[in-house]
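Q: Starting from the known structure of chain A, arrange chains B and C on it as the hints suggest.
Next come the chains, spelled out residue by residue.
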Amino acid sequence: MQRQLYLVDNPVDRLARTLEALLVIAPRPLAVEELAQAAAAGAERVETALGLLAGRYREGRSGIVLERVAGGYALRAAREAAEACARLVERPVQRGLSQAGLETLAIVAYLGPVSRPEIARIRGVAADSAVAGLCERGLIQESGRDGEGGAIRYRTTPLFEQVFGLAGPEELPSLDDLAGDGEELRERLEAVAARRGA
Amino acid sequence: MQRQLYLVDNPVDRLARTLEALLVIAPRPLAVEELAQAAAAGAERVETALGLLAGRYREGRSGIVLERVAGGYALRAAREAAEACARLVERPVQRGLSQAGLETLAIVAYLGPVSRPEIARIRGVAADSAVAGLCERGLIQESGRDGEGGAIRYRTTPLFEQVFGLAGPEELPSLDDLAGDGEELRERLEAVAARRGA
Amino acid sequence: MGQALAVRDLDLDLDAFEGPFDLLLTLILKEELGLPEVDVAEIVIAFVERLERREGAFTPAQLEVCGEFLVLVAALLELKARELFHEEGELDVEELDPDEAALELAERLAEYRRVKAGALWLEERLTAESDRFFRLGPAPAAPPPVRRLAPQDPARLAAALRVLAAEPPAPSLSHMPLRYPPVTQFLERFRAALRRRRRFVFDEEVDGLSRIEQAVAFLALLELRKAGEIKLGQPAPFEPISVWKAA
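Protein chains in written order, with my numbering: chain A, 1 to 198; chain B, 1 to 198; chain C, 1 to 247.
Next up, chain A with everything else stripped away, as it sits in the complex (with noise of 0.2 Å):
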C-alpha cells in the first residue's frame, strides 16, 4: 500500500501516466516535442518517462507495446499475439452490407453509372458515406464525370460481379415489371422518391 502511494504520488510516474494517456487515444504516432506540450512538461522529462514506460510495455511482459516508430512512439499490439489480432481485423463481414449499402450498390449496379447526387436524389438521403463504403470494399469505382465538370459518376468493378456470383451486368435479376429500360427505371425511382419527400 505504501508503495503504491508512493508511485501515484511521484511525478516521473504521473508524467508516465499522461503520457500513458496521450498514446492510447492518439490516431498517429507522437513526436517526443508532441508529448511534452500536451503534457505540459519539458521534452527531456517526458523522455524520462517514456523510458519507464517502455520497461513497462515491452514484448514479453505486456500486450501493448510501446514503439519508437518513425516521427515518434506509438502503442501496437505485442508480437505474441499477432494471430489473435488477425483474427480480429480479417473476421469476414457476417452481416454483409446494411441497408443504405445495399440501396446504394443496387442503383449503381441497375442505372450505373450514376453520380452520388444522383444516388441522394432516389434514395432520398445523402449517399456520401454509403458510396465512400462501397468504394473501399471494392464494389464500386469511379467511372468518369457526369459531362463536363460535372460530378463523379460510379459503376461496379469485377469484384462486385465476383462477390454476387454474376458472369455479367446482364445476369442481375430482371426488374421488366416495374421498367421497361434503365431510363423508365431511372425515372421511376426519382419520381417516387419526389413524392416519398423523405
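Since the hints were made in silico from the structure, they are not lab data. Among the hints, a few may not be true.
Stated by the list, open to error - So the derived list for chain B, only partly shown, Cβ under 8 Å to chain A, looks like this:
id: 1; residue: 62
id: 2; residue: 142
id: 3; residue: 168
id: 4; residue: 172
Claimed, not checked - Away from chain B, derived, C-beta distances all over 12 Å, residues of chain C:
id: 5; residue: 135
id: 6; residue: 138
id: 7; residue: 140
id: 8; residue: 152
id: 9; residue: 155
id: 10; residue: 183
id: 11; residue: 185
id: 12; residue: 188
id: 13; residue: 209
id: 14; residue: 225
id: 15; residue: 232
id: 16; residue: 241
id: 17; residue: 247
Heads up, the beta-carbon is just placed ideally off N, CA and C, and yes, glycines get one too.
A: Leaving out everything else, chains B and C in the frame of chain A:
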C-alpha cells in the same frame, strides 16, 4: 525475477496480454464474444482476464483505463489526463451539439428507430439538418426504412454510447423518471380543451 | 387584456426556443398564463419588435424562425378559435374536431416535454463525460482491416430496388392540421400591388382572409421591409398599417 517469470507463464496472464493487444488496436469497443473469438478462448476465461485488466487499468493507477462501454470493452485515457488530451486532439463529436441536435438525439435514443418525419412531428420543427449533423458525427445511423418504400429510419450508434459513457442502452434513464408523469401539463391542457369545448 | 400584457412582460427571447412546441410548452407551464387568456396579437407584436431590433439583412435562418413562430401562432389560434376555424373551409382544418385537435396538441406537447427532459439529461451527461477521451478510428500501428465480404445473393439487389420503387404509404396528415399558404404568395401579391399604386393599407389588403393567412401576409410584409423594398407606417398600435414602396 522469479515472480515475473511466473506471471509470464500464467495462462490467465497470457490471455490478459492477448486481450490488451486486441483492445489497443481496436477502433471501437469489443464485445466479450468478439474478444473470445479472436483470442480463441472461452468467454468465461475472457471475463476473468478482463477482471484482472480492470484492476490494472483503472483511474488513479494507470493513464490507460479499461472501460465497459457500448456493450463491450475499450481502452481510453484516464480522466486525470483530460487536459493533456484536450491539448492533443480535438473533440469534434462532443463539441457543438446544438439544442436541436440534443433533442433529435434524445428522440432517436429513446424512440428509435425513427424517421425524419416522425422526429419533426415530435419536435414541431423540421429535423433534416439536425439528423444530417448527427449522422456526420457518427452518433446516429440509418436503420432500414419505415415500411416498404417508406422514409429512412435512424438509430443511435455504439459511438453514441461510447461518447455518453453508457455501458448499454439500458443505462439510459427512463423518460418517466426524468420528466415525471407530466400529469400537471396534461391536466392544464385538458382543462383548456374542456373550457373551449363547453 | 391584463393577462395579455403579461405575455409581453415575459420578454420572450424567441431565439432561445428550439421550436414552436418549445415556446408553447414554456408559455403553458408559466403558472400565470392560461391559454384562453393568451393574446396572440401580443405575442406577434413582441416577436415583431424583436425582429425590428435585429441588425443586418433578413437571413434564411431568420425566415425559418419566423416559420416556426408561425406554427406556434397557428397552434395557439387553433386552440383558441374554434368557431373561426369552422368557418374557414379552405384551410382544411374543419376536418379536425377542435377538441380532438386540442387533445392531440396536448399529447404532442407532453411527448415533446419528455423528449426535452431526455435531451437535458444527455446534455448533462455530455458535460460530465467530457473528460473521457478515447481514440476514434484505428490505432496508428494496427494492421489495416481486411473487410472480406461473404458471397451475396443478387436477388437482394433487385429487392432493394423494388423497395425504392414502391409507392410510399400515404402520409398521415392527422398531425398537420395547421397548414398555411407560402410566404412567397404574399410577397408577389404585395409587389404587384405596389407596382399598381404607390401605397396601400395592409389591413385592407388582407381583409377577408383567414387569420392564418393574415399572419403569413404579415410575415411577407416583414420580409419586404427587411429587404428594403418597402416602408411601413403605423400611427399607433393596432391602427392600420400603411405600406409604401421604398424609394
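Q: Work down the list of hints and note, for each, if the structure agrees.
A: Hint check:
1. The beta carbon of residue 62 of chain B is positioned within 8 Å of a beta carbon in chain A (closest approach about 6 Å), and the interface hint is therefore held.
2. Given the 8 Å rule on beta carbons, the hint for residue 142 of chain B holds: about 5 Å separates it from the nearest Cβ of chain A.
3. At a threshold of 8 Å, the smallest CB-CB gap from residue 168 of chain B to chain A is about 19 Å, leaving the interface hint violated.
4. A least Cβ separation of about 24 Å between residue 172 of chain B and chain A goes past the 8 Å threshold, and the interface hint is therefore violated.
5. A Cβ of chain B approaches the Cβ of residue 135 of chain C within 12 Å, the least distance being about 8 Å, so the stated non-interface status is violated.
6. Chain B draws residue 138 of chain C into its interface by the beta-carbon criterion, the shortest separation being 5 Å against a cut-off of 12 Å.
7. The beta carbon of residue 140 of chain C is not kept farther than 12 Å from every beta carbon of chain B, the shortest such distance being approximately 10 Å.
8. Non-interface status of residue 152 of chain C relative to chain B is upheld: no Cβ of that chain comes within 12 Å, the nearest being about 18 Å off.
9. No Cβ of chain B approaches the Cβ of residue 155 of chain C within 12 Å, the least distance being about 16 Å, so the stated non-interface status holds.
10. Against the 12 Å criterion, residue 183 of chain C stays outside the reach of chain B, whose nearest CB is about 15 Å from its own CB.
11. No beta-carbon of chain B is positioned within 12 Å of the beta-carbon of residue 185 of chain C; the least distance is around 20 Å.
12. Against the 12 Å criterion, residue 188 of chain C stays outside the reach of chain B, whose nearest CB is about 24 Å from its own CB.
13. The Cβ of residue 209 of chain C lies farther than 12 Å from every Cβ of chain B, with a closest approach of about 23 Å, so its non-interface assignment holds.
14. No Cβ of chain B approaches the Cβ of residue 225 of chain C within 12 Å, the least distance being about 25 Å, so the stated non-interface status holds.
15. No beta-carbon of chain B is positioned within 12 Å of the beta-carbon of residue 232 of chain C; the least distance is around 28 Å.
16. Residue placement check: residue 241 of chain C keeps its beta carbon more than 12 Å from all beta carbons of chain B (closest about 29 Å).
17. Listed as a non-interface residue, residue 247 of chain C keeps its Cβ farther than 12 Å from every Cβ of chain B; the least gap is roughly 37 Å.
When held up to the earlier numbered hints, the structure conflicts with 3, 4, 5, 6 and 7 and fits the remainder.
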